[in-house]
Amino acid sequence: QDIVVTGKVSGKTGEPLIGATVSVKGTNEAATTDHSGNFTIHVPNRKALLVISYVGMANKELSIPENGTLSVQLDEVGAVGLDEVVVIGYGTQTKKVVTGAISSVKAKDLENVPSNRIEQTLQGRVAGVTIAQNNGQPGSASTIRVRGMTTFGEGGNNPLWVVDNVVVDQGGIGYLNQSDIESIEVLKDAASAAIYGTRAATGVILVTTKKGKSGKLSVNYNGFYGISRANKKLDLLNATQYATIINEKSVNGGGANVFADPAALGAGTDWQDAIFNDKASRFSHEMSLSGGNERSTFYLSFGYQDQEGIVAGPISNYTRKNLRINSTHKFLDIFTFGENVGYSHQKSVGLGNTNSEFGGPLSSAINLDPITPLVITDPAIANANPYSNNPVIKDPNGNPYGISSLVGQEMSNPAAYIQTKLGQYGWSDDFVGSTYLEAALGKHIKLRSSLGGKLSYWGGQGFTPYYYLSATVKTSQNNFNKSNNNSLNWNVENTLTYTNSIDKHNFTVLLGQGSYVENIGGGSSVTLFNLPITSYKDASFNFDIPQANRNSTSSDLTQHKLSSLFTRVNYNYDEKYLFTGILRRDGSSRFGLNHKYGVFPSFSLGWNVSNEAFWPGNQVVDRLKLRGGYGVVGNDAIRDFGYLSVVSGGFNYTLGNADNITTGYAPQSLDNPDLRWEETSQTNIGLEAQLIKSLTLNVDYFIKKTSGILRPVTIPGYVGVSTSPVANIADMENRGIDVELGYHKSFGDFNLGVNANFSYLKNKVTYVASDADFITGDASFQTMGAITRTQKGQSYNSFFGFQTAGIFQNQAEIDAYKNKNGDLMQPKAKPGDFKWVDINGDGKITNDNLDKTFLGSSIPKYTYGFTVNGSYKDFDLMVFVQGTAGSKIFQGLRRLDIGNANYQTKVLGRWTGEGSTNDYPRLTTKDDNGNFTNMSNFYLESGSYARVKLVQLGYTLPSKLVNRIKASRLRFYLTSENLFTITKYTGYDPEIGGAVLGVDRGVYPQARSFIGGVQLQF
Amino acid sequence: CKKSFVDVTPQGQFLSDFYYANQDQAYSALIAVYDPLRKNAGGFENMLALMNSGSDDHYTGGGGATDGTQLQAFSNYTMTSNLMASSYWNDPYQGIFRANVLLKKLPGVPMDDNLKARFGAESKALRAFYYFNLVRMFKNVPLLLEPLNTSNMYQVEQAKPEDVYAQIEKDLTDAIGVLPTTVASSTESGRFTKGAAKALLGKVYLYEKKNAQAAQQLADVNGPTPGATSSYGYKLLANFSDLWVVTNKFNSESILEETHSAAGNSDWGFWGSGRDEGNTVNVMVGPRSYERIDASAPDLPSGWSFMVFTQDFFNFIKNDPRKDATLLDLNVLQTAGKIKYIAGYMNTGYFLNKFLPRKPDVSKGGGASELNYRQNTYIIRLADTYLMEAEALGGTGARAQALLDAVRARVGLTSVPVSMAAIKNERRAELAGEGHRWFDLVRWGDAPAVLGSRGFVAGKHEVFPIPFRELQGTKLQQNKDYN
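These protein sequence lines map, in sequence, to chains A and B.
Residue numbering for the first sequence follows my numbering, beginning at 1 and increasing consecutively.
Residue numbering for the second sequence follows my numbering, beginning at 1 and increasing consecutively.
Because the hints were derived from the structure by calculation, they are not lab data.
C-beta: ideal position from N, C-alpha, C; glycine also.
Just to be clear, a hint being listed does not mean it is correct.
[Unchecked claim] Computed, partial: chain B to chain A, Cβ under 8 Å: (1) Pro10; (2) Tyr34; (3) Trp89; (4) Phe97; (5) Leu148; (6) Gly190; (7) Ser231; (8) Lys340; (9) Gly367.
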């Protein structure tokens, strides 16, 4: 039976080594040291050897001690990384026998990084994973793509998150507390992800939370406080410049000057100043306790975070409180029982439009004219229309906020807008946990049953006063809304693992069964209208509001069910020749009868070349492993009943003279019983090496092909259905290279560590079943309509528009632009207008899709990140840089349909006469040439950037001092987050997430923070 | 066991195989066939907004040159297949699809046979109405009498317009034989009656230039004595302005009426969908940022300044007794300092008073108050059928004279000799802003002359371009000169 060995691993000077790997030689059994350097490991027999390894240290091999406890000191430089334990889903492996493309991030890489959400921590740390924060609003999620775009659907490209065996949707990942995380593994290729079959096509991210370790009680505290502000504000026209430009525009259009004396207007209002918060605070407290004995261990933690937004602070902030209890208990020698439960409460206050050209504080600040004053102080104006007769919003002094008479539509005074949103918030409570019982039947067989679940409650509440922000942005009644939702996801999994070594044949066989149910629950929402109050502070659902002024809705979620069987074989011969094979069969409720079940196979091979006898023991290449694999995985992220034409209500009509509404029922769509799985196959070839003792290198090349992509198709209107049916309509391919590099070396008291990663990705649509060989893109912009297109041979959602060929400098150039019949190509053009390329060569420029072409992709070709860690005696320094290159951004900050909208100062470089510029056309109110209203390369800019994401300087107090307060470690640090960004992009921020990346409609920019923190350990 | 685990049944909706199982479900399905009728004044893309925009009596208006781009493009005759709002094509086809499904399922529904026949007749009358709008707007349209499926939906071709008209005649003739003469006003008004189907058939014949048949159908509707109550119970209202009183729904002059309710609590999220029961024309025609200064001025909620009357129309109507009910002249009020408002795009100050809401009409219930006006609109009313019959009679004869006189007498106007010119004038004054003018001009062949200055090109603009999507991968051909 098992022998339990515990111990402590420390470095040369006795400092605990956190995250060191302790493994049993020749098996898959392994453990990692905790915060105090302690570990616990099960050893099959007394003859086994323990291998202790740590990045930058030489491996040590030790026999099992009599008393079952060990204290090991490692010396620097030696085997790097290859003996780390890697979580592979339903088990672990040591890195040297892993055959798939799995990237791993350990606790030690995360713990010093101040972060609100786990996705941000992962950004730039793993090759092949592109992460873009959706916007800078505190608590906002990120867009994550593992090895590019796998499919077309909106939710379909998000990776599968599995936290301690519980599948958690990406939106729900915000509940995790970073300090609780032991490791994050990204299963990138199909050969490793296939164990999650159905939903693995977009990559799998496995999160393992910390477990308690037996031995001394360990107490950790980590706290920080910081101040944030915007990295950058836009250079917009001031009032004088604005009036000059508007005058010029009007005169060019045949009108008169709009402003008599621009110079008299001065600088005017800086709307950005009215909303940006330069002293946004953020803080975090995290505390954890862990400990236990040989039978039971526990890990307990509590965290509290608070972050204020840098835009419109009063209506943009986020708090999270979280609690975690993980424990394991052993009994009757063969059983292990454990549970991991996390709870979090989140409260977020959001300003609404975080990347939208249709109003909200950011969009308004960009588009409003600088002439309208922030606040009206002149009583004559304040007492006249529109201020006197409408419920206008007033500042604390009782003066109304200015209302623009020049810029209307959705734009409104952002300071007034903020007042109408006060007190509105959203909240969520998440319980995510799993419990398991494991039985070790004899030496080789392990049975494990687990029950996991995610129980979520979320909702929001807010009072909207009776307000008048402008002629179009106003309400005619106040209202108070409250919504409550809940959902339960649960799963049961049973696995049987057989592990054995016969001679040099080492193998593990896994058999498993799983049942999964998601979306049990529903929601309801109630709105009261015409409450007898004016302030959100007085809002209450206790007011006796007549029935006619109560609106309520309620809904049930549609369950999503999966039933699965899976098996995996891991085999190696003497750790030289490696094999992994996986087979999974999934049934999903989202498919029609004809294709309900899918089977997903994969295999991968590896060869530890440097373990061969012939491998020369040279000093250059110390270790070398080659590996390759192929697999098929699926994706069922489509809507429920996509294969069915259900008859549903909502096709109503009013009959009778009492205005009674009758509910009508009709089929929503057409049946498609042949709807089948979307399949993604992936080939991966990799190399792992250790060079000159200190350098590790990982290179992977992959080809990922998705076929039968599921998507709602727009069918001809004459069919007469109101909802587009879902169909398998396209194929897509991603090819790329992922490179990860590590370098660790000590030079006396100076330690240096460098981790770098780099990815190259090429995305191409290889087949489109649509009748026109293309699909109109998912992004559109104002009156331009669709600005992207998905077409065979191009990247998914590539930008699509006119191509400019400079600006006509004079009439002669317009007259010279003729087709072969001698007709003018652009008869309406005037000097200063764009010359458009005649893409289809028909001798005329037409404003349909015929003269549009592909102008670039928003998917970055290159993604990279590198971290440099240095320490000298008690000081440590970390610099983390992250960036992307090779993408385009659509810069759509200005509203085109609002003629008087403000401009960025680059408009001052507009065309003003022959030879003035070839890039920025003339301004006119009669833009017959479509200079501004056509989608063209004029709106596209390079999205490349390099961001110094993190700079941290730390000081750890000497042990002697710390020991006096009975602590084991005390460290202070100063951090700057997003210190600066190198980019040519002219908007706020080049990092723009979303279903279609890189469409900037005035994105909420990311904050630059300066933080001071302390870490204390007992 | 495994199979049943991953089977999930829809909740709150029905599998199409199991629906249409009883009378109630057949009735709900019939309601869904009625649903697209609401397009006359419901949603931003409604028939009145589009058809008024293209006529000589109105400008599109709105907030600016790009407010309602598709409406503006029709107003200045720059319409292209990309600018053609596809809902004007899709929505009638949704009604047709639902009618086709119901007509296919009805024989198998266990229910009262008389009701079954009536549901079928209503489905056919509605299908005829939707096809009539499609064929007179787009001319070359597919004629579908069965629901399509995924395997044959791209094989469809356009039918000859005469075949579409023949089907419309057949559907209406079938329906007329079954439909009731009157319906229970409290619960059923708004549903198709024999008189409504006959009026529609008469109108269809008129568009086909089958004048004798048109006159015959319309005479049944209008009754032997113009001005007196007809055998179907129709009679002109005594006061023209009563037609526009919101509470005066389903009055004796109403033949086919499109319905609205404030009880739908309609909101922006589902505006214009099947769930939206509000009248959108009401808010569209209101002046922007309207402010009443003097109590003698009308108390209007603000709107969006669409469908303002042209100066030319004002000059035409200014001495007509129907002027005040038809048009609200804000210029006079503004000059007198009694009101303030912000001028919209191409503002003339002449607002469409037939649909201008008053403050008490504003919904106090849930949803967006702008979207919950409850005024119904007339698709066909008696004054219209009087003038159509007179037109079908060629604008001559005693009967035509009597019909014209009846329309004029109701508003206190003396008789003028009947002629096509007199009928055209009368239609313009009587039916202003109700979406008929553009179709009238095209039917009379007057459109190139009247609308030429707007950009109307004879031989092209009599029909709309087929929306872009319909031509992608299908066998449909674009209408002449729109490629």
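Give me the numbers of the hints this structure contradicts, sorted from smallest to largest. 7
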